[in-house]
Amino acid sequence: MSTYLDYLDENALPLMWCPGCGDGTILKALLGAFATLGLKRENTVVVTGIGCWGKADDYIRTNAIHGTHGRALAVATGVKAFRPGLTVVALMGDGDCATIGGNHFIHAARRNIGVTAIVANNLNYGMTGGQFSGTTPVGSRTSTSPFGHTENPFDLCRLAEAAGANFVARTTAYHFKQMGQLMVEALQEPGFSLVEVVSPCPTYFGRFNKQGSASEMWRSLKERARAVGPGGTEAPAEAGSLEAPPDDGPDAPILTGRLVSRHKPSFAERYAAVQATAARAGEGAEPDAR
Amino acid sequence: MARTAFLQGNEAVLEGALAAGARFYAGYPITPSSEIAELASWRLPGLGGVFIQMEDEIASMAALVGAAMAGAKAFTATSGPGFSLMQENIGLAVMVEAPCVVINVMRSGPSTGLATKPAQADIMQARWGTHGDHPAVALVPSSVSECFSLTVAAFNLAERLRTPVFVLSDEILGHMRERADIPDTEALEIWDRPRPAGDPADYRPYRPGPDGVPPLGTFGGPYVFHVTSSMHDERGVSANDAKTAAASVARLVGKVSRNAQWLPRPEVVRSGGGGEGGTGAGRPVLIVAFGSSARAARQTMLDHPDHPLTLFRPRTLWPFPEAELSALVDGHAAVVVAEMNTGQLVGEIERITAGRRAVGLAWRSDGEIITPEEIWAAVRRTLGGDGR
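From first to last, the protein sequence lines stand for chains A and B. Residue numbers for the first sequence follow my numbering, beginning at 1 and rising by one. Residue numbers for the second sequence follow my numbering, beginning at 1001 and rising by one.
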């Protein structure tokens, strides 16, 4: 029986993240999900972009590509499209995924490519000093919105659902057990899957917005979570019925759990059929119609 | 079996890619390169390969890097605006040492420019487009046959050097149909990336082999490895110290220059008793031209058979075949560069000529092909006096 330690590069410790950050907890949940599924290190590829959570590959002993800012899903798409048998995981923050990489995010979901996106959403750019991102709530103070943020945030789960992802889930860094379970489900999804993990950034977002100490931020995640679906306190979510967060303030509830689960054919399934058709037609044969 | 075919350059590029073993294409449609994407979408799936049309050229280039690490010979085709978007992830491919090929069917710019008309104005972007110190390898076909052969060469170089390689075609070559010699696939020299051997636990993805190029594992194979866009040590782990950075950059740049013998050599054509000891009337002139411009330069030579003219036509534009050109300079009275831009290569030629001879320029940047007459006018202008 393997454990998360089988996937952790202990030589790379200590973790680089700030005290009170959620990234270490998310990393442990992810590696625990790898262990639960007994993933082979050689058949697993972790792709990261740039940002605090984008440094997670430094601690992971699977194959990995640490690429460019926002492009993790595009790199991961290349890996998965060419070798559909591999387990491909993209680790991104809200800046990476929802902001600079937003186009790749919606198209990966639309394409239903079999990549699992684990998005650590801490509502701001931690690595570069706490500027606003595509998920920063209206009114929030950040390094680049000193008078309060004026733009609306994305709801990443609703975005992924509308774009066509097969599996969409949200959890928080506080909900370690739920997080691990959702990651296990996501990693088994043949199509595109998203696990959004709402995570605290006490160094910047919390401090700029007077959200108290790190432990107060973690307590807030605990209290604001509203689990939907089986075992949750809220009604099960159906595809298309996701409720938006009522508002974006620090007290807004966070809907957690498996929000979307559907079974449209994945990119790999459909492309394998194309390959079979083309092979039967023979090399050089032209399609019936252009 | 070797065959003669009537093809357009874009078709020949695709045939060359398949012959070289390409099995992954990620791209975004753009004039005048789109035929390459269309043909890839027809031909690759039946070969067990993958064609994927990405959301933009940024994603296309990123996907090449992912597929290359998963074992693919991967390529894309684009034109100026798309080539601009690819630049960041070309740097990623350079840094993680992902073998891949980028075909740029050059068109007139800047920006959207003249989208259906030719130019040769992306040559400095090919050399310096991505940020930071880096090597660049760019091949420049001048015929449909070379669209085939230099695409094969581009894949071989990408694999052997573990670096992105550019094929700089242009709208004329891409869409022009002419007789092309397509060699027997079995007769082609095909190279694959160096592969690791030995205990997977000892594999270091950035420990160079004897030629400066590190063996590359394959995701899904026995060698588990980590690559990163950040400065890194032999293990592929981030390392920020100056010593590692200096050694890494030196090796990245050096692995191309130290293996320059792998690069396609220039063609040198003489006419009118041209060059040293020329018997023709007039002082000998060395014309430097590549791609479509070189075809116009050949016509200049045919139009003026009595004047000693030498055409130096690089097949590899970057790194420029500096020694070969330099050796020819002293045997000529003047040097003329012909290019379809306002003068990008000429600066490089002036540097190599180093003041030994006057360097003239025939240029055009209006979306029309440069003419033999314009090149001849530049020859006479550069010679000065009576132009003989």
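Think of the hints as simulated: they come from the structure by calculation, not from any bench. The beta carbon of each residue, even a glycine, is placed where N, CA and C say it ideally should be. Incorrect hints may appear among the rest.
Some chain B residues close to chain A (C-beta under 10 Å, calculated; not the full set) [said to hold, decoys possible]: (1) W1042; (2) D1056; (3) P1135; (4) V1269.
Results of checking the hints against the structure:
A hinted interface residue such as W1042/B counts as satisfied when its beta carbon comes closer than 10 Å to some beta carbon of chain A; here the least separation is about 6 Å, so the hint holds. Because the closest C-beta pair between D1056/B and chain A is about 7 Å apart, less than 10 Å, the hint holds. Violation of the interface hint for P1135/B is found here, the shortest Cβ-Cβ separation to chain A being roughly 19 Å, above the 10 Å cut-off. Taking 10 Å as the C-beta contact cut-off toward chain A, the hint placing V1269/B at the interface is violated, the least distance being around 36 Å.
Figure legend: structure checked against the earlier numbered hints; hints not met, in rising order: 3, 4.
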